[in-house]
Amino acid sequence: MATGIKNWLDSGTPWIWLNAAAVSSSLVMVLGLLLLIAVKGMGHFWPATIWDMQVQPLSDAAEPVQHLIGEIQDTESVSVASLRDAGATGLDGLEGQVERYLVKTGNRDVSGLDFRWVLAPALQARTRPEAVVVFERMEWGNLYGFVEQILNDGQPVAEGDAAWLELQARLERVERLRSEIRHLEKTEIGSINYRIERLRLDRRRLELDGEDTPQALAAIEQERSELQDRFAGLRQTLDARYREIGRDSVQVAVMGGTQVSVPLQNVVRAYRPNAMSLLDRVGFYFSKLWEFVSAEPREANTEGGIFPAIFGTVMMVILMSVLVTPFGVVAAIYLREYARQGPMTRLIRIAVNNLAGVPSIVYGVFGLGFFVYFLGGNIDQLFFPEALPAPTFGTPGLMWASLTLALLTVPVVIVATEEGLARVPSAIREGSLALGATKAETLWRTVLPMASPAMMTGLILAIARAAGEVAPLMLVGVVKLAPALPLDGNPPFIHLDRKFMHLGFHIYDVGFQSPNVEASRPLVFATALLLVAVIVALNLAAISIRNRLRERYRSLEQ
Amino acid sequence: MSEYTPGQDYGSSPHFRLRLLKNRVARVAVAAGGIGVIIAILLILFYLLYVVVPLGETPEMHEAASYPLQSEAPVVYLSMEEQAEIGAVFQRDGLVRFLSTADGSLLDQIRLKLPDNTEIVSFSAAHAVSGTLAFGLSNGQALVVRQRYQVSFPDDRRVITPSIEYPLGEAPIDVMPDGLPVQRLAIQEDDSFTLAGWSDNLLSLVRAEVQESMLGEEGTFEFRRTLGYTNLGNVKTLLLDPAQHNLYVVSESGDLAWYEIADLSDVQLKEQLHLVAPGVKVIDARLLTGGNSIMVASDDGVVDQWFSVRDDKDARHMAKIRSFENVGDLRELVPEVSRKEFMLAGADGTVSVFHTTADKLVIRQAITDTGLQRLAVAPRSNALWALDDRDRLHFWRIKNDYPEVSWSALWSKVWYEGYDRPEYIWQSSSASNDFEPKLSLTPLTFGTLKAAFYAMLFAIPLAILGAIFTAYFMAPKMRQVVKPSIEIMEALPTVILGFLAGLWLAPLVESHLPGIFTIFLLLPVVVLLLSYIWMHLPGGLRRRVPEGWEALLLIPVVIGTVFLSLWLSPLLELWWFDGDMPHWLKAELGIGYDQRNSLVVGLAMGFAVIPTIFSIAEDAIFSVPRHLTNGSLALGATSWQTLVRVVLLTASPGIFSGIMMGVGRAVGETMIVLMATGNTPVMDMSVFQGMRTLSANIAVEMPEAEVASTHYRVLFLAALVLFIFTFVFNTGAELVRQHLRRKYSSL
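Listed in order, the protein sequences are those of chains A and B.
Just so you know, we're using the working numbering here: the first sequence kicks off at -11 and counts up by one.
Just so you know, we're using the working numbering here: the second sequence kicks off at 24 and counts up by one.
Same shape as in the complex, but just chain B:
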């Protein structure tokens, strides 16, 4: 170190410049790091939003190609294969033309093997996955064909080769007797084939089942037939469900006849009813995927959804579930392959997409300016192919990934297929393909709030009363030990609390149920009694325990009361509850008892929340300025009066903020509810029933959810709901606390 010389310019020495540079670098580095960390934290919110937002995106359709049909013959059916690269046009003259959907070029054409002197008079498609179709002929026969698309990868490029095969043989099947033309036709395929035909009030059913041959040769088909009459007038359409148990006959005037056809030798008319208003005509009727719902479109611009529900006597009846109104003038109704969604081809050239579970119009788009004759949806629901009145084909791409989600689907009661009434249900996945996802967040939110409610019911009195005593009455020496011990509870891993709740507390509560309730009743009584006796004890004995140490004195009392209650429990059970209280509850009051129930969760989670509330409330009470209490005491108030009138009043915002923090913690707690409840998403306030919370639901289902699927995004939505809920609560609590701190400092 050189000595200080006046006049020398230290600022320009290299050493000093280096120090300044270091200073500047440190400033930039710290600022960059600090801001980076803060951004990273905020990223959580934005990422959750980023995943959730697509759920609310408006679906889009855009035109990919448009080209003339280049054929005069009327078209009976359009279809597309899985990749939506190839479309098939089935013509009334028996020609099947396979076109490239991208440019309309002809890839292949096949003429169906129709018998001589016959023509196609009716048509039906089985469920889309099978690719099976049937053509009703004028001679009473039907030709069953199947579209096949062979995918191969020569030179790592995908090549799709279309073909037509005849699953029941190349010869047409006799459907109607006496060569009557098959005016209406329906087909379904599963393990067996069923065809239904109609011709002027005559109804015919044919079932083809594979005969297992002994030597493993190609199976031959055995046909069974049955005939009957309908009196419905002009039949519009015949509908067969994929299981081939039900046949629905819908007439043009809106009559429905529902036959049970599981056994062809015992076909029964289950129900006959009128589907539409008088004078209204049915335009189209189709089954939604899965075959449970009938969608009926009528010429008054309404599409109704019908399915069978159980009545009080356990009998099934058709019921109108929901209506889509003002759908416009339509030509055809086309259900999607894998979702509970359907499309309408309008007479004005529009295509409208509706989702039944979400009960909404997903998108309506004008495809062309003339009417649409035929419409096909790609199996992946990502493209449509439509034929307009000027014989032009239109190929459109659809971006519609999350139609299942709507406000009503997430939060309102929804009438799901197979249920007897609208309900709140969470059931996100199932093994079957045509499953209707039930994504109501209501039962989960309800479960979350229920768990938090019972936890707070247990925690608030204990934590607040405890905080009052610790902060205001307790001897400082004892407080130094008590406060950290209760605060350490907060650090106990909740997995341990959950494990104890599920495997130790739950069986204990079940076997000592009356005892648990006795504790809550007996403990205050015992304590009050003791305090009364204590006041009347001789002074000498009383002064043995200095003021502020009552809590220590009460520890053995609490332990004693708990053991007494548990010991009494079997006796109480024997006297009042026939020896088994859960059983008695079920038998006498009809209250079901789950071993892992809200009572257990309330106790365990209450235990986890106590320290949060206790710690904040205790701080608030303890930091009430001394001169306030001293003033009150000096004016002659007792210490209890001072507490109630002065201290609690001043500290109440702090106590409130503690409770809010507690609620925030109870709402987000995962492991305890995961382990101490049965995780069934029921909506039932009973203290003896379990629940499923948002957080436990995420923990259970997130690892299995397919990335970017609706299910995945809805789980993110659940996380976002939790995030926002706790963030709002905690911010509220924090603002209250800061306000309080400023108030104290001004006092």
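Pulled out of the complex, with its shape left as it was, chain A reads as follows:
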């Protein structure tokens, strides 16, 4: 036995196995993490079963049995000791661990809290009533209850089973009106407001330039009053729509028997998860998923979709790519093809390499100080004096965010492009030069096309890094809720000075700054999943391009 252990130790096998365990642990962590995000993120949209739970509070057996209606969000086991520490009573006869459920009971406006913990021993029975309806609302979160009747201007029009059908029809009408109102407010009135603001600035500009002649001012005033007339007209239509949308309401019996009247204009969606077939559920799942990627956020970002964040991220990344590609490629070509190779270029190469490792927050600080306050401040003085003291470019915004991230990712592009240029066999260059091509022609016609996949790799890696970077953006342009997208129908269409929303910052903000972390957590997981999916896909693309590239040159070299 002793020699067995000695042999075993001498062979080195135990250490090799420990090494193997390190790899396995790393793999388990990566895969586990991806799986965790995927499961928690994907599960969010599935319609959960609504339970009617009969709960007997443990602290006082004399109390009547409570009915809780809600979905079980989480189950965990806790030790009785820690419950006692926390001051729970009525735990006599319990030892060791007990199960406890986190029940989302919604109805925040009725009962004040929308999450409750229920200890398994307190749960006496539970049923899944078919008729229970989930109302997703514009405010106050979900409402769970039974439809009693539908009211039209306060007059009952349908009751019982008919009420559910009537509700569907009327919700469709509300949805139509709502989209009409959104169009009126955002597009029509938004555009008028924008133009009125422009006129104010034009006027101020004229004053500053000393060209505020009566004619010019009159023209502006004329246009302004026209716009205001149109505004008044739209306002009337809008008021009418608001009256129409406020017509219907539904009477709901909620947990505890209270009757609640819910105006339909507050209802985003009503469904009966317990009555759904599997197919219904799948359909529902995809409709929720679509809402998630296409709708605007509601309720301080904790409900609804993340479309503005997706849009902002994409806009920022595109702008950044436009900036970073030419500059990164030119710098790489200069370093590899034109600069005299020597200690200086080696030094620059090391510096560029290392800048990729400089903390991103440092770029944020630089962006804020140099781009926003220094460049932006001067641009405002020179080109936008009419808006001062309100800053135009002298405040964090889309352009500065893109520029900062371009600076952050330019080393990535330089390094990748240089690598690609270095891999082009010199025989090809020499062949081209021997045939009489100039250096520029050689580069343009032969070397660059061959190095283009490497540039692509660099760009993809740059995009992957930029899409996930949050720390510098917190200083140079993202906000938790942007009032308008950076791209809209008002000239000049792309508003580089606007602040924008970003997926990564959305995760930080909703996960950590939101008032109701419990309610918003599933949404954060879903956002994280989307971001991870995009970034992993981009990286995989970069890796496969890189591999294919290597194969191609291997054949060239032979």
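Hint data in this document are derived by calculation from the structure and do not stem from the laboratory.
C-beta atoms are modelled at their ideal positions from N, C-alpha and C, and glycine is treated no differently.
One or more of the hints may lead you astray.
What the hints assert, rightly or not - One side only, chain B facing chain A, incomplete, derived with CB under 7 Å: (1) Asn46; (2) Ile483; (3) Gly489; (4) Thr493; (5) Phe496; (6) Met558; (7) Leu656; (8) Met698; (9) Thr754.
To be verified - Covered by chain A, according to a simulated footprint, are these stretches of chain B (three or more residues, beta-carbon under 8 Å): (10) 55 to 69; (11) 580 to 587; (12) 596 to 606; (13) 723 to 736.
Using the hints, position chain B against chain A.
Okay, now just chain B, sitting in the frame of chain A:
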């Protein structure tokens, strides 16, 4: 294309010239672009320096004007308004003259309404923002006046109109009984007024509070008085703090009596002590802005700062905090309005500026060649106005924007007002005006290194061991999958890791604390046990798994161990830790437990750093030339021996460079620490406590910092520190790697 004709000069054809021109243009354009980008990158460093450097600038003073006082009467007080355009000269004969500071021209003069047959014998100014002053009279009364500067903008030009008003009414207030002259006087104003008077050992206190009248009419004042005796001898000065809770009586011989006067009906002597060395006389004593510190200047050329600190029994005592020595022969000590800074008017005509928190002489400047009688500092600390012995007034501009910063203020322990001992504290801003900024970068740097330390503790073993196996033992097929999967970890946005660490891992760790530690202990044991069993398995079964695939075999083992540990966790907690380990730690060992602590940060950031180290170390090991290992194996060494004696030795610089890159990344990481710690700047190595790092601090405070303020520049300094730190580490790693590459190519 025409055919090639011998003898034809192709070089001069227009087409060829165009091509050459294009070539030249391309060369210039690429060079310009390339150099431009490189400069833009280097700009980061220079811009950070450009913002930080002013912190180290020497403050400057320069003379703006000098003119005669044009009055014979002795001056009791000088002051300036906010813009430092108008100065007020208060004369002993009761005349107030408002002068233009720029040229000394008389703008206005007002005679104070003194009672007949009295003269001014003492004087006191309340805190400078109020502008309230009091004159002690020879008949036992005091006249309270307030300077007012009305700012208006007729025709877009700023016009400042000075005036004098009487906040307690035009009639003087009775301070001393029996018409005794008010030899020493102090006044403070807040919601109420308090005056303290002294006359030959008799101490008198008067408080005026506004009586709210029912009908919203002008409030009338209700006066309360109290009398007492001091035995301090000749009193030099009386000091009242702005809150009017404390009265300090300082005698010429250096005795201090500290009275608590919050309630006038219950005045208590808190402490009496001697402030200076025996035989030394006090020249001046003043309160710093905020009213917490007493600055005592004595004739041995020393200025001491005193404030009250708490002792072991929670009682407050006056303590000498710091001394400024060799300040020279001085006449007057003048505190600044909004900073913890004071000026000394010297008998040799110099003005010296000291900052207490930074513990330094900011600047010393000769203003004139005779002694200075009186000195005033502008409320914005950007100008001074001094009266010399030849009755000339001197108006000087001061450029002194960042006196709070010194090496000791940034990196050493500093004894801040209200603290019981010198400490490292970062607390950059507060709502109150006379706040003392605490700008110690030490706790932030400590937090940064602490976070990096725990992250590396977790990451280095996993990454290096993993790299060894992947590069040296793993089957090539498996390596092709494993390497990219671990490298993809590097691309995972850290905001996601931070979010998971803060909202998923932190609660999990808290509820399964024993289980987390069990994983680290159990996993190696299980693996070793398994390898022992594996060696003694029958060969047929063993050969089912080819060499190099052990890692795959171990994946279920790792997962199983983790789940086993977590499952065991509640049981362990029940057996050993009374069912609640964080609670037990607190109760039994006195170790506080934060939910978002260094353990969580270590795990999350370690996870983020693993791929960096892994990738570089793996490359280094993998590229060790084959003939070295083959030679070793051929000489009879086992593959483990070859690895330890040959491969690791050769690759060690590469592994080291990987670790350095990892440290660089851990130090600069922002989002994980921002989300997974409580962000409290504590200095505590405990694994169960949080921290605040330089990077998280920048992210939290930068958006609120006022541009070009000291705070803003210190945050830039923090960024510069991060920049230089990571740059040095990365450059080191890069040089090591290049060296290694050359070595391999020569092998």
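Here is how each hint holds up against the structure:
1. Asn46: Status holds, d = 4 Å.
2. Ile483: Isoleucine 483(B) check fails; min Cβ-Cβ to chain A is 10 Å, beyond 7 Å.
3. Gly489: Nearest chain A Cβ about 4 Å off; hint holds.
4. Thr493: holds (6 Å)
5. Phe496: Hint holds; phenylalanine 496(B) Cβ to chain A Cβ min 6 Å, cut 7 Å.
6. Met558: With a minimum Cβ separation of about 6 Å from chain A (threshold 7 Å), the hint on methionine 558(B) holds.
7. Leu656: violated (13 Å)
8. Met698: This hint holds: methionine 698(B) lies near chain A, its Cβ roughly 6 Å from the closest one there, short of 7 Å.
9. Thr754: holds (6 Å)
10. 55 to 69: Per the Cβ count (11), the hint holds.
11. 580 to 587: Our answer is that it holds, as 4 residues pass the Cβ test (under 8 Å) against chain A, meeting three.
12. 596 to 606: As far as the segment 596 to 606 of chain B goes, the hint holds, because 6 residues have Cβ atoms under 8 Å from chain A.
13. 723 to 736: Holds, because 3 residues of the segment 723 to 736 of chain B bring their Cβ atoms closer than 8 Å to Cβ atoms of chain A.
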